[in-house]
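Chains as they are written, first to last, in this note's numbering: chain A, 1 to 758; chain B, 1 to 209.
If you're looking for bench data, these hints aren't it; they were derived computationally from the structure.
From the three backbone atoms N, C-alpha and C, an ideal C-beta is built for every residue, glycine too.
Wrong hints could be hidden among the right ones.
[Unchecked claim] FRET-style restraints, in silico, Cβ to Cβ:
| # | chain 1 | residue 1 | chain 2 | residue 2 | range |
| --- | --- | --- | --- | --- | --- |
| 1 | B | 61 | A | 438 | 47 to 57 angstroms |
| 2 | A | 621 | B | 117 | 41 to 51 angstroms |
| 3 | A | 138 | B | 61 | 50 to 60 angstroms |
| 4 | A | 106 | B | 53 | 36 to 46 angstroms |
| 5 | B | 117 | A | 512 | 28 to 38 angstroms |
| 6 | B | 199 | A | 621 | 47 to 57 angstroms |
| 7 | A | 582 | B | 117 | 50 to 60 angstroms |
| 8 | A | 673 | B | 62 | 48 to 58 angstroms |
| 9 | A | 509 | B | 62 | 49 to 59 angstroms |
| 10 | B | 55 | A | 468 | 31 to 41 angstroms |
| 11 | B | 53 | A | 578 | 53 to 63 angstroms |
| 12 | A | 128 | B | 61 | 57 to 67 angstroms |
Okay, here's what each chain looks like letter by letter:
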Amino acid sequence: MSAPRPPRDKHEMSVGFAGDHKVLSVEIADGDIVPWDLNTEHRVIGTDTSRVDAVAKVTGRARYAFDVNPPGLLHGVLVRSTIARGKIKSIDFSAAERAAGVVAALRTKENGHRVRFVGDDVAAIAAETIDQARDAALLVKVEYEAEDHNTDFRKAEGAPQVDAAGHITDPWPESAPIEAALGAAKATVDATYRCEVQTHSALESHGVVAWFKEDAGELEVWASTQAVGITQQAFAQATKLPQSKVRVHAEFVGGGFGAKFPPGSEGLYAVRLSMASKRPVKLMLDRFEEHTCAGNRPSAIIQVRAAADEAGKLLAWDYRGFGGPGHAGQGGGTSWPTYYVEHLPRELRRARHKDLATDTDAGRAMRAPGRPQGFFAAEGALDELARKLGMDPLALRLANDGSPLRQHEWKLGAERFGWKERYNPDPGQPRDESKPWLLQGAGLSSAVWGQLGGGNYKVTCRIHHDGTVEVRNASQDIGTGLKTALAMLVAEELGIDLARVKATTGDSLDPAGPASGGSTTTPSVAPAARLAAARAKAKLIERVAKSLGIEAGALTYEHGQFRLDGQRKMSFVDACRRIGPEPIEEQGERFPNYKPYQDHVCGCQFADVEVDARTGVVRVRRMLAVQDCGLVVARKLAESQVLGALTQGISYALHEQRVLDHRIGRMLNGDLSTYKVAGTVDVPELEAIMVSVANGANNVGAAGLGEPPATAPAAAIHNAVANALGVPVRSLPITPDKVLAALAGKDTSRKNSKKQGD
Amino acid sequence: MHTPNVPDDAGFSRRSFFKGASVAAIAGTSASAATATDHAPVTRRRPGLHEITLQINGDARKLQVEPRTTLLDALRDRLDLTGTKKVCDRGACGGCTVHLDGEAVNACMMLALDAEGRDVRTIEGVGTADDLHPLQRSFIECDALQCGFCTPGMIMSGIACLNAGKTASRGEIAGCLSGNICRCGTYTRVVDAVEQAAKVTGAKRGGGR
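Extracted from the complex, chain A is given alone in its bound form:
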């Protein structure tokens, strides 16, 4: 018989945001601390502090995996398939092994094994210099048994039939309620949208430096990874080494965006080359490999049928998508803003998806996987409905969006952006009569992501004798600002200067942390960090009291100041001198989330574009994002992440596409000259407005920002272009040829309708 459990501490929290306050009553978990809420006054959190690792980055001292040069380093390269589909007949290393500088050569596939795309790994070479390794790779003779391939997802098995305009003509599965709603509605849309493959193009390519230390039986790896934990486990499994003898470092990571979770063949064969040569091996992909062998955002074809009444209220929603995730044949799913149709009965909203396999590199997660594609289609269809109804697209959103938070954000954003002035009420007509070729328009899109973190992660907090403090977790900071967030949380809880706190991330020796995916990192570790600091603070008070020979209760501690009997003061540093030779070391754990105010984050974005109707060139003139992320921990960094999503969105909407030669299955623009990524001159004035929300989900209440702002920008830009042109392009990227074709099509349809006497 166990003793009756004491009643848990019931705590009332004030949650919500500026426009909507609520009181939530939660049972605080045993061992947890009271969550921050709307009434909390922060001193560090939410301020414009600078990135804690910025000095290392601006001075070039930050060492990324690519920069690690252990003594005796060899350089590795992978030999890659030159055909898109077939089997390996033979691999001949005889010439390569004799080449200057070559130390190790091995197969990555046996005879008879399949190659699945141009760029699939076949063999690996390690040599004294990178040039020698490349020379030797060219000398590896691989014979293939080639098979017919298909690299065009529009021609894959199961691909939908499309007409000359690219519109899907396959019959929809039967649904009497949807057909009835479409038949009776004031306005309907039936449109097909198309997106191309985008590559992640992180500036630090995929790869590792692997060092197998034979004497100790240990493997040490510096990896460009979003997942220290997954990487450590994968290497242990592949090498059969105990995981306790595999150490992974990722102190600095040069971008990931979703493509760097498990170590790919580049990681695995760097390890094997190191084991074969007994020397450290650096194997980082080159830019062509980065484009062609390291994942991408899949292509998509999406058709939307929808109906609305005269007030713009949606009456039916029918959505089907086809994704092109390459040889993986899965993972190309798209998703759309479901909240617009939450008011509809289930039989009036439908969504399906089908992936189409091709003989190309496999798709991977990329910032808000599936959403930029789906939002582009869905928000595009909403704008087409609004146009048919002669309605302002913002009004149509407000009529269907049931979220009080996003309603607030729509209005705030529209006002700050100047929606009324920027939206072209006469789509397709120039604003300035003296420049009739310049078309201007504005567009918008909603944003969403549903993640408030979780997991069973721990964070260590150490207070040293000299008054410096450490916070440690093995999760990695891929540029999002995790180190800064951890340091700020600890500084806040201890009431001390941020400069006292050193945050360390990306070392597998430290308490396990999450992979940097799905915007979960900060919300998953932040509550554990705060708890670790709170426990360290309690220990500090205890030790100081003991050193003074008084009861801990006689000491008060606030804002980094101790007070004795409410009188005598002692600073944090003076107090630390009394803790003795051993540092205070405490861990905080991550409790499951409480029922939050809201279990997702919202947002909305606005774009203003100018199109030159003579050339078809689109220029984004201004973009604005309104974004919430629970508690805004590091304001400046949060804004940066939103501005980055806008910038990447401009690039995706207007520039980026993988171009393949389908005859040979090879990427034609696998570099950074012909694969266009937006540059300084392509990016206009951007603004990010952060909305702070107390969600009460845990003792911190932060949410991540990797995905949320990445859902919307392409949709907003596409809608702005449609507003400028008076006709939607319905295809990303919106390149000049498509703009000119859309304008020509508009003219043609006008002429045709005149002929018909319309």
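For chain A, the structure is supplied; the task is to place chain B on it using the hints.
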């Protein structure tokens, strides 16, 4: 067997090879950014290792390179100066920007041999934690960085922009930095940072360090 430092008549500079591949080689003319080989006399070297001395951040550094070794690989792999990043390795991203006799160049687009006798400055020679360049300070204040991988190249291009006094408008700054790609999307704040540093330094020609 390789004999160091013996010129012969075999070999190309990487720059001339790339030029020749796209246009008929016209010696010494290029509309693009200045590169060392535009004005350097054509030197022909044998394959194999050559011992050279480079002036880097004020120090004479001796190293052995092959004729084909780029300045970028020499800096990173031979001298462990890894602040200069390797990203595209084809002059398309600016990640490896260094200063050569004060001009911003892509270290991946020139050979280490061609840098002999020139004054090379890398990010390691710009400022330290205790003594930051005004542009490094403004990068931190404006949060003009995220993952930080493009940052050294951005700062080297930014300092060249400040030194050239091309800071009259945001557009002019953006144009100056248009050869530097950032994937995280920091551009607006990078321009903020250069603008802020221009105010601090007075943005006179040679006003920076």
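Distance restraint hint 36 to 46 angstroms, applied to the beta-carbon atoms of residue 106 (chain A) and residue 53 (chain B): Holds, at about 38 angstroms.
Pairwise beta carbon distance, residue 128 (chain A) to residue 61 (chain B), judged against the given window 57 to 67 angstroms: violated (20 angstroms)
Distance restraint hint 31 to 41 angstroms, applied to the beta-carbon atoms of residue 55 (chain B) and residue 468 (chain A): Holds - the Cβ-Cβ distance for residue 55 (chain B) and residue 468 (chain A), about 39 angstroms, lies within 31 to 41 angstroms.
Satisfaction of the hinted span 53 to 63 angstroms by the C-beta atoms belonging to residue 53 (chain B) and residue 578 (chain A): Holds: the Cβ-Cβ distance is about 56 angstroms, inside 53 to 63 angstroms.
Whether the CB-CB distance between residue 117 (chain B) and residue 512 (chain A) falls inside 28 to 38 angstroms: violated (53 angstroms)
Pairwise beta carbon distance, residue 673 (chain A) to residue 62 (chain B), judged against the given window 48 to 58 angstroms: violated (34 angstroms)
CB-CB spacing for residue 61 (chain B) and residue 138 (chain A) relative to the 50 to 60 angstroms hint: Taking Cβ atoms as reference, residue 138 (chain A) and residue 61 (chain B) lie about 31 angstroms apart, which means the hint is violated.
Cβ distance range 50 to 60 angstroms for residue 582 (chain A) and residue 117 (chain B), holds or violated: Cβ of residue 582 (chain A) to Cβ of residue 117 (chain B): about 57 angstroms, so the range 50 to 60 angstroms holds.
Residue 621 (chain A) versus residue 117 (chain B) beta-carbon gap, inside 41 to 51 angstroms or not: Since residue 621 (chain A) and residue 117 (chain B) have Cβ atoms about 47 angstroms apart, the given range 41 to 51 angstroms holds.
C-beta pair residue 61 (chain B), residue 438 (chain A): status relative to the range 47 to 57 angstroms that was hinted: The hint (47 to 57 angstroms, Cβ to Cβ) holds, given that residue 61 (chain B) and residue 438 (chain A) are roughly 54 angstroms apart.
Residue 509 (chain A) paired with residue 62 (chain B), Cβ distance criterion 49 to 59 angstroms: Once the Cβ atoms are compared, 38 angstroms apart, the range 49 to 59 angstroms for residue 62 (chain B) and residue 509 (chain A) is violated.
Satisfaction of the hinted span 47 to 57 angstroms by the C-beta atoms belonging to residue 199 (chain B) and residue 621 (chain A): violated (25 angstroms)
Going through the hint list in order, the structure does not satisfy hints 3, 5, 6, 8, 9, 12.
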